[in-house]
Every structure is written in C-alpha cells, then in structure tokens.
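Protein sequence lines correspond, in order, to chains A and B.
To convert, count from 1 in the first sequence and add 40; that's the numbering used here.
To convert, note that position 117 of the second sequence is 108 in the numbering used here; the numbers rise steadily by one, no gaps.
Treat each hint with caution, since some may be false.
[Unchecked claim] Quick look at which bits of chain B chain A covers, simulated, 3 or more residues with Cβ under 8 Å:
hint, stretch
1, 162 to 170
2, 220 to 234
3, 412 to 423
[What the hints assert, rightly or not] Partial pick of chain A residues on the chain B-facing surface, computed with a CB cut under 8 Å:
hint, residue
4, Val81
5, Ser173
6, Val186
7, Pro187
8, Ser190
Derived by calculation from the structure, the hints in this document are not laboratory data.
What you are looking at is a predicted structure, and each value in this text was computed from that prediction instead of being measured.
Virtual Cβ for every residue (Gly too), placed ideally from N, Cα, C.
Given next are the chains, with one letter for each unit.
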Amino acid sequence: MDQLILLFHLLLVDPMTNVLIAMARVFGGNFGVAIIVFTLVMKIVTWPLTASQYKQSRAMQAIGPQMQELQKKYKGKDPKKLQSETMALYREAGVNPVGCVLPMLVQMPIWFAFYQVIRLSLGDTPESLVTLSGRLYPIPFIHQAVPLNSGFLFWNLGQPDTSYLLPVLVGLSMYVQQKLITPTPSVAATPQAQQQQQTAQMMTWMMPLMFGFFSLSVPAGLALYWLISNVAGVVMQYFYMGRKFQWKSLLQFGPPSGAAAPAVVKKAKALPEPDDTAADIQIDQSGEATMLPPQSTRRNKNGKRRGKR
Amino acid sequence: MTTTNVSRETFRSRRLGVFGLVTLGALALIAAACGQPPGPVGWAGAVPIKVDSQNLVLVNHKSHLYALNEDSSVAKWQFPPKDKASYPISSDAAAHLNATIDAFSIDDTAKTELKKRVADVSVTGPTGDALKQAITASGATEQQKSDAKTRVDIVLSFEKGALGNLKALYGDTGVSADGKTAFVPTFRGMVFALDTSNGNLRWVRDAGAGIVGGIAVDGDRIYFGTKANRLYAYTAQTGERQWEFRTKGEVWSTPAIDGDTIYATSLDGSLYALDKSGKQKWLFSSASSGIASKAVVAGDAVYVGSFDDKLYSVKKSDGTMNWSLKAGNWFWASPVVQGGIVYAASLDGKVYAVDVATGASKWEHPFDTSSAVRSGPVIAGGGLFVAAKNGRLFKLDLATGQPVDGATPVQLGVTVFADLATDGDKTVYVVPTSGTLYVLNAAGAISAPGSFPLPQ
C-alpha cells in the first residue's frame, strides 16, 4: 500500500505540483490562473478519452431497446445465450461497455492527485511548507516560487470557500453538464428501463448536490478546478453534439408525464444484420438514436457499397 | 399494470431514492473526514527558565504550554488550564475593572467589597454573574452600573474566546529578564503574558493575524511579527502597543535584537533592520525567495537562511551582502555561530559549516543527516546537536563535522520540527511532534535521552 501511495505521488502528485507551481510563477505568482490554465490543458489532453466516453454512452443508449428485448427473451431462461447475444449486440454496435467508464476512471486519480496538490501547495500551515519543500524538483525557478500566494479574486484557494459562491457555481455547472450527458427521458417500456431512466435522472441532481457539498469542505482551489472542468466540459459537449442541446430542458427536473405508464418501446430505426463489423450510431435532432448498418453494408448516394473494400 | 406491479415499482423507486440519499450521506461523511486541509500542529521549542530558584522547562505541544519541573513529567502548571472555571481573569482586566469601580460614587468600604468580587472572577463560570449582581446592588449611579457590567461582559467574552482557540503554538515563548513573565504567541494571533510562577494571565492581546515566529524580549519591550505583514513592539508590562511596521510579506520568524537594532526577516525575501522606534535603518532584499529563518547576529554580520536555498551573510552596518552559500534546498533553521564558524542546517538534510568571513567550507564536506532539517541546531557540550525531521539526533564535532566519538545517532522515531534548546552546557531539549520531551546529556558522545511524556 505504501508503495502504491509512493508511486501515486511520484507519477502524479509531484509532477502536477511542480508544473502548477511553475505555471503560477509564469503567471506572476497567481495560483488561481495556474489552476484554470492547468484544468483547460488537462481537458484538452483527456479529450480523446472524453469524446470516446460520449460516443460509447450514446451507442449504449441506442442499443437500449434491443438490450431490453434480449433480457425479456432470455433472462432467467438461458443466461449463456443472453450473454452471447449481448456480446454480439455490443460487437455489432461497436460498443465497449468499459469505454463509458474508462475516461471517468482515468480522471479520478487526477482529481485525487489534484486534491493533494492543492493541499501541498497552498497548505496554510508551516508543516505543509516543509512537506512541500521535499516535493519540489531541484529547479531554482520552482524553488523560488514558494511560498505561493493563495489569494485569487476573493478566495483563499488553500481554504474552503466560506462565501458559498464556489459550491453553488460548482453545483450549477455540474447540473448543466449532467443534463447534457443524460438523454432526454422517453416513455419506457419495461420496469428495468424505467429504473434506468430514474437512475439517470437522479444522477442529474445528485451529482451536482454531492459536488456542491464537497466544495464546502475542500480547499477552494479544488472547487475552482471542478468549476472550470465543468464549464469546459459543457462547452466541449455542446459543440460535440453539434449545438443541438435544448437549453429549455435545463428546467425539466424529472421524467415526462406518463413515463411510468407502459408504452411502446422506441426502437432503433434500423437493426443491423448480424455482422462482425461495427455499426455506427446516428443521433438526430430530437436526441433519438438510430443505429446505422455497418459500414461494409452501407451504400452511398449512388447505391454503391462503401466502407471496407 | 396490476396493483402488485405498481407497489413493486413504488418500492423500487423509493429504494432508489433511499440508496441515493445513503450514497450522498456516505460521500458527505468521506468529504467531511478528509476534505479539510490538515490543521496546524505547532513546533515551538522548549525554553528552560528559573522561577523562584526552581528550574522549569516550558514545553509546547500543539495548543498547550506546560511548565514542567526539571527532568520530570510533572507540570507545575499548564496553559490553557484544564479548569477554566477557576482560572482567574488577567490581572490587566482585573485592574481595568477595579479602575471602573474606583470611579463609582460609593464609599470606600463598598468599593473594597466589590474589588474582592473582581479578584474572584474566573474566565468562565458563574463568578462574573456574581460580580454583576454585586454591581447592581451597589449604590453607584445607573449609568456607572451599566458601564461596569458591560465591561465585565467584554472582558469575560474576550478572555474566554482567547483561551478557547489558540490553534497551535509555533513561535518560541519569550521570557522576561527576571524570569517572571512568559510571552506566548499563538497561530490564532493572540499574545498571552503569563505569570511563570502559576501560569495565570497578566494580559492578553489580539495581534489580528497568526503568529508563526516567537517573541523577542528586550527590556520593557517585546517584539514579534505576524502573517499580516506586520512587525509590532508592545510594552512588556502592560501589553500596550508601541508601534507597528509594515513589511511586504508575512513575518514568520522571531526578531533578533542586537544593541539598538531589531533584525526581522520576511517571506517577501527581505531582512529588515529597524531602530527601536520602528524606523527602518536598512533593507537587505537580495534573496530571490522568502526568508523564514530567524536572523542571527554575530560580530559585524547578520546571518539568514532563505527559501532560495541560500545562506546569506549581511553586513550589520549597512545591509550589504558579504557572501552567500548555496544548498540543495531551503534554509529554514536558524544558523548558530561560534568560533568564527557559521553552522547551518538545510532542508536538503545537510549541515554546513562555513567561515564567517569568507563563507568557505570549514569541513571536508557537509554532514548528511539523510532527512530534512527544519529544527535549529544548538551548540552544547563542545559539539553541534542536530535533529533531523525523521527523528534522528546527532552530536557533531565542531571541527570535523563528524559524529563525536563516532557515536551512532539516536533514533527517536518521531518527527522533529522544533528548534533544539539548551540550558547552557549540560542539557539539550528536544520537542518532537509526539507530545514527549526528550532530554539529552550534552557531555560526551550522544547517548539515549530521558523521555518525559507531556501531561494529557
């Protein structure tokens, strides 16, 4: 365990600390600006992972109806078949379930590391400065930047924000981000589908509440990181979706009326033929997902097959 | 949907809600547990004093100060006291209340009775109410009674608040020349003047910002700096502020007094030389990072270590630099000077010995403790005592920089940040963060120390 912590510090906390301190010095000793720039850089660096998460998430939503059908058909009767059919469906749709979680998993250590970095760099006690001195790389430019100025606007970045402004902003920005990620609730057919929708809806308010609450007790520097990360995430996702997000939906706090009633499943418009080639997912303006046939079977305007040759 | 299905769905929905709330609660608990940045612990060193021919050692631990009998764990008193309800208000506050009573339009016998009540007033408890009732029953005018009761409330509220939140003790306790008063600076920004015979309050003042450095005592004045970029001079006897001087950065060290000059370092990277009226004589600002080590004056020079990894020798007369010595990390511990040699320990874990005139190394190579050194070394028993952060204690030969008699270091196994202290030549005191006072015999090679756990 100690070696894991050592490795965590060696690979993440220490490099981040030194980079942030160097950036702070570049920006005239302003650690707040360093946090903002650092967060944006991190967002850009992890963009391929994030984009993959968005794509996988959409693809999972698109095959939802087929998944439900498979579950209805095989659950409790033939688990082996259910598993093989599910895997086949994933293959056809080009879905990797891990792909939805991986970017989050990658970012989690960065969050934890960032928390340590803030505590290390802006700790308000003499002890924290002694600890920091042991973490700095032997580069005069970095050594001479310490102690840092922990003030930014009207916050002390090393202490929790007692004005409640940052916690509120973190909560609000995360709410918008969750709304962008969460699909528009539709009328679900099965109890499982309803439950999934309820869970998704619950996350749209639970996550902002949680992070808003955390922001009350963590150093304001970390809350600033979350805020900038959320805002950047909102902007990126908005443009990734092709500016199709309906801002009015921010005021929609639950599933649409009648969602609990049994109704017809919204099926994907075209189901692919079994093929070992991945299908693509197309999202239309209403947010409804359509699974396109695999590229190998898709035809261009002239009716000719395109894709693999 | 059948009734059973509806109930099941309702149950599921509720279960989901409960799950959500439980998760939220659990995460909130985790956040509360590990969210707060670590608080201050404190690293004030030991101060040996003599009170009424009795030897005591003032030892700080976290937010408490203990007056231990020499070589024992028995505390003559502790501050703040365990029982605040029987801890009298400061003699300064009592004097103010007595002065208020003196102004009452009542006879002297009644005044004496009221003053007896004042003498009984404790920081907490019902004694303040008893005094206020006595004031109400006195023959003073309504205005006088009202003013006096307000004053009682203010005194009790201030002193109770001051005692209730010391946060931590970092700075060295200053002791008056007669040994009768100890001046205790706190990270919360209070300065307490205590009677060293019983730990009672003489006065308490709010400096307005945290104090990391210690209190320098010089005759009837005390000097200290704060995190609010200020240096202060107070009257030792009454706690009256004489002047304040603004620095460009926080002051984290104890000012040094030499003749008619006060030397103070600051995190703005400067060494300030002031006269005793608070006017700047000169400024040394060649350090490219903060200075948190106490200035040490010896001969014609002042020595300070900086966060730019350098130890500086500065001319006492005009603040120009003599020389500088580069280490592998910050200098935070104050250097010691003896026999024309400056001994300085750095957070790079090495101890340096250099010539006072030239800054040239006097040892073949610096002594490596293999752990950062924040604790200021001391010279005692003919050797240099050094405590590394990891709790290893060394006694080095002043001439060679090697352990005296080749002795292996003493391993305390606890973190040491506090400056070492000595009573002259017999004993060296070590105060680690663990709440135990270690006492080393200064003579001969280093040997196992006596350990005295502090009262809990």
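Here is what the structure says about each hint:
1. 162 to 170: violated (count 0)
2. 220 to 234: As far as the stretch 220 to 234 of chain B goes, the hint is violated, because 0 residues have Cβ atoms under 8 Å from chain A.
3. 412 to 423: n = 0 at 8 Å, threshold three: violated.
4. Val81: violated (25 Å)
5. Ser173: At about 5 Å, which falls below the 8 Å cut-off, the nearest Cβ of chain B leaves the hint on Ser173 (chain A) intact, so it holds.
6. Val186: holds (6 Å)
7. Pro187: holds (6 Å)
8. Ser190: Violated, about 11 Å.
When each numbered hint is compared with the structure, violations occur for hints 1, 2, 3, 4, 8.
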